[in-house]
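Visitor: Next come the chains, spelled out residue by residue.
2 protein chains.
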Amino acid sequence: MKRKTAPLATLLMAVAAMLGISPAMAQTDPLPSWNDGPAKKAIIDFVQATTDKSNPKFVPPEARIATFDQDGTTWVEQPMYTQVMYCLERVAVLAREKPELKEVEPFKTVLSGNREAMAKLSMKDLEKILAATLTGMTVEEFNAEVKKWLETAKDPRWKRPYTELVYQPMLEVMKFFRANGYKTYFVTGGGQDFVRVYSEQVYGIPPEQVVGTAGGTKYGYDKSGKPILTKEPKLLLNDDKAGKPEGIHLMIGRRPYAAFGNSIGDKQMLEYTQAGGGARLMMLVHHDDGKREYAYGPKSKVGTFTDALMAQAKKNGWVVISMKNDWKKIFAWE
Amino acid sequence: MKRKTAPLATLLMAVAAMLGISPAMAQTDPLPSWNDGPAKKAIIDFVQATTDKSNPKFVPPEARIATFDQDGTTWVEQPMYTQVMYCLERVAVLAREKPELKEVEPFKTVLSGNREAMAKLSMKDLEKILAATLTGMTVEEFNAEVKKWLETAKDPRWKRPYTELVYQPMLEVMKFFRANGYKTYFVTGGGQDFVRVYSEQVYGIPPEQVVGTAGGTKYGYDKSGKPILTKEPKLLLNDDKAGKPEGIHLMIGRRPYAAFGNSIGDKQMLEYTQAGGGARLMMLVHHDDGKREYAYGPKSKVGTFTDALMAQAKKNGWVVISMKNDWKKIFAWE
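Top to bottom, those sequences are chains A and B.
Sequential numbering from 15 applies to the first sequence in this note's numbering.
Sequential numbering from 15 applies to the second sequence in this note's numbering.
Next up, chain A with everything else stripped away, as it sits in the complex (with noise of 0.2 Å):
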């Protein structure tokens, strides 16, 4: 039990001084999976001036708020979210238990295993899918149905865990901003309550900063009396688009001063985060590494990067990072 912190917290403080040590002393490379340009040149710039007392950019540390998109963003989001992979994956479970499900569209091309009719499926087909797969579960019962799946699933390429596919340039950017007093939250289209299974193991972001697509639960009790939530098939937030700084204020409640996204999706979240004035860093990761991973041409079925976004990017002084010249490795086991 610590019951006095602050006098202890001082002494060491003036016993540092005294030893002559600082924190900006020390010198080792932020960011070392990056290589030298205006894109790493803008997040070590960025975090230096607002952590710096002295300069007229300093932003207190209780302000210090920084988001970050998630497919695409900062892990692998092709050939399709991975969200998306386990609700397919779902289907089949769950046809098992009903089985009149597999005569039901959206259900029965789901089944076929057919992936180009799966990837015509509508917004609104999985929408059923994701109602399907997940109401009337206690919120217990998804997350342990969620590591579950996330221990043995593979994506399709690499023949790895989902988990392994995060980008290590930005898992660097993120502990960069958390060494230097910024709180980073997760604002995803994704599923808020699947994000927040892994969130902390796998970026260090822990469970209550994970703003993502909500939906509703319903409390109540097991037959023994236990008090239990439910997922319902209610949407409280999605957070996608304009639902990205509507989640911000809602989950935050102050806005960013940096933002990171990849596409449309994350537009209104960087002019949200630019409007707030002062120093703000907008960025946006591009996918134009065909090689080593991705290139996604402007009209991409996810992440989409249109010519109007990367002339808003230009207009208003947004970096855009380039896969191919600004990251030197993309995973940690390359």
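By construction, these hints were calculated from the structure, which means they are not laboratory data.
Bear in mind that the values here come from a model prediction, so they are computed numbers and not experimental data.
Don't take each hint at face value.
The list cannot tell twin chains apart, which means a pair is met if one copy fits it or any two copies do.
Stated by the list, open to error - With a straight-line cut-off of 27 Å between C-alpha atoms, the simulated BS3-like cross-links for lysine-lysine are:
1) LYS305 / LYS168
2) LYS329 / LYS55
3) LYS232 / LYS248
4) LYS142 / LYS232
5) LYS248 / LYS142
6) LYS329 / LYS232
7) LYS338 / LYS189
8) LYS329 / LYS237
9) LYS343 / LYS168
10) LYS161 / LYS71
11) LYS255 / LYS237
12) LYS240 / LYS329
13) LYS328 / LYS237
14) LYS67 / LYS112
15) LYS240 / LYS71
Let chain A serve as the given structure and place chain B on it in line with the hints.
Guide: Showing chain B alone in chain A's frame:
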């Protein structure tokens, strides 16, 4: 800029160890406004047990979450919730802009100034007032309005700003928890955006740790093209009763280890906390001090503490705090 914190922290801890300094050695009473008794003992025992690595009840730092109801638990809620007072005063402002409201209920009753008639307004009436007084404002306009109001508005009994009517013993509990690595959250039936305006300054709880009744916002652009968020008359979360555990799951995504409330509105939050098993602390403030504050009967309009709730507290081992017996002082300025 702090590029490498671990080695510095390690060194400082080593210096502290050499000097024989240990946080546990500071023996100052963390709860000076509390009389010795079962309530004070329960708090200190809980914090000691859950922060002691050798104790089977140890809770790892990242899981240390403590939730607090606000109205009636950490500040005065009589004769009416502070936020209701605010809304009623906003009606007068609104009526000057839209004189037609003067003839329409529930606005007519509010403008009459008849406190008895106002006390009879239904929840639906209050919702109409909330929608009329809040909708269409930008988030920043709302914050500025509330801030301005709080600077001048005074409680009718003590003639002091509402923000001075906080319970000193509960401020000490919050600080004690935080000093021991707990994240303190509000989980309030009050408006999330309203409470966020002052929670950091008054209670040390940052906006991102306020869970409250939340309405929607709408992302858009003002006439100059600047991105704005405006308040919408859409209820996303009714953070009362069953809505409290639902809100905790939505906004925090972890179950609390300690929960503080004062009424039937907090029952489900305490049940949900306890259902996590292991070391959990559930406490209820009982308003039994008509002299220094208020003594509510079991049928009070606000902060209802029924006989059934008292029976459940006894049965479940929830600790009831007697304002009269457990608190040496109620307000900091006493």
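Visitor: For each hint, tell me whether it holds in the structure or not.
Guide: We went through each hint and held it up to the structure:
1. In this homomeric assembly, LYS305 and LYS168 come within 27 Å of each other (Cα to Cα) only inside a single copy, at 20 Å, whereas the closest approach across copies is 67 Å.
2. In this assembly of identical chains, LYS329 and LYS55 lie within 27 Å of each other by CA distance solely inside one copy; the values are 19 Å within and 61 Å between copies.
3. Proximity of LYS232 to LYS248 under the C-alpha cut-off of 27 Å is found in both arrangements, the shortest distances being 10 Å within a copy and 19 Å between copies.
4. With identical chains, the CA atoms of LYS142 and LYS232 are at most 27 Å apart both within one copy (19 Å) and between copies (26 Å).
5. Taking identical chains as interchangeable, the C-alpha atoms of LYS248 and LYS142 lie at most 27 Å apart whether they share a chain (12 Å) or sit on different chains (24 Å).
6. Taking the closest pair of Cα atoms, LYS329 and LYS232 come within 27 Å of each other only across two copies (25 Å); inside a single copy the shortest separation is 45 Å, beyond that limit.
7. With identical chains, the CA atoms of LYS338 and LYS189 are at most 27 Å apart within one copy only, with a shortest distance of 22 Å there and 49 Å across copies.
8. In this assembly of identical chains, LYS329 and LYS237 lie within 27 Å of each other by CA distance solely across copies; the values are 19 Å between and 59 Å within a copy.
9. With identical chains, the CA atoms of LYS343 and LYS168 are at most 27 Å apart within one copy only, with a shortest distance of 21 Å there and 60 Å across copies.
10. For a Cα distance limit of 27 Å, the shortest separation of LYS161 from LYS71 across copies, 25 Å, qualifies, whereas the shortest one inside one copy, 42 Å, does not.
11. Taking the shortest alpha-carbon separations for LYS255 and LYS237, only the inter-copy value of 20 Å comes in at or below 27 Å, while the best intra-copy value is 41 Å.
12. Within a single copy, LYS240 and LYS329 get their C-alpha atoms only as close as 56 Å, which misses the 27 Å cut-off; across copies the closest is 15 Å, which meets it.
13. For the homomeric pair LYS328 and LYS237, the shortest alpha-carbon distance between copies (23 Å) is at most 27 Å, but the shortest distance inside one copy (59 Å) is not.
14. For the identical chains of this complex, LYS67 and LYS112 are neighbours neither inside a copy (62 Å) nor across copies (47 Å), given an alpha-carbon limit of 27 Å.
15. For the identical chains of this complex, LYS240 and LYS71 are inter-copy neighbours only, at 21 Å across copies versus 51 Å inside a copy, given an alpha-carbon limit of 27 Å.
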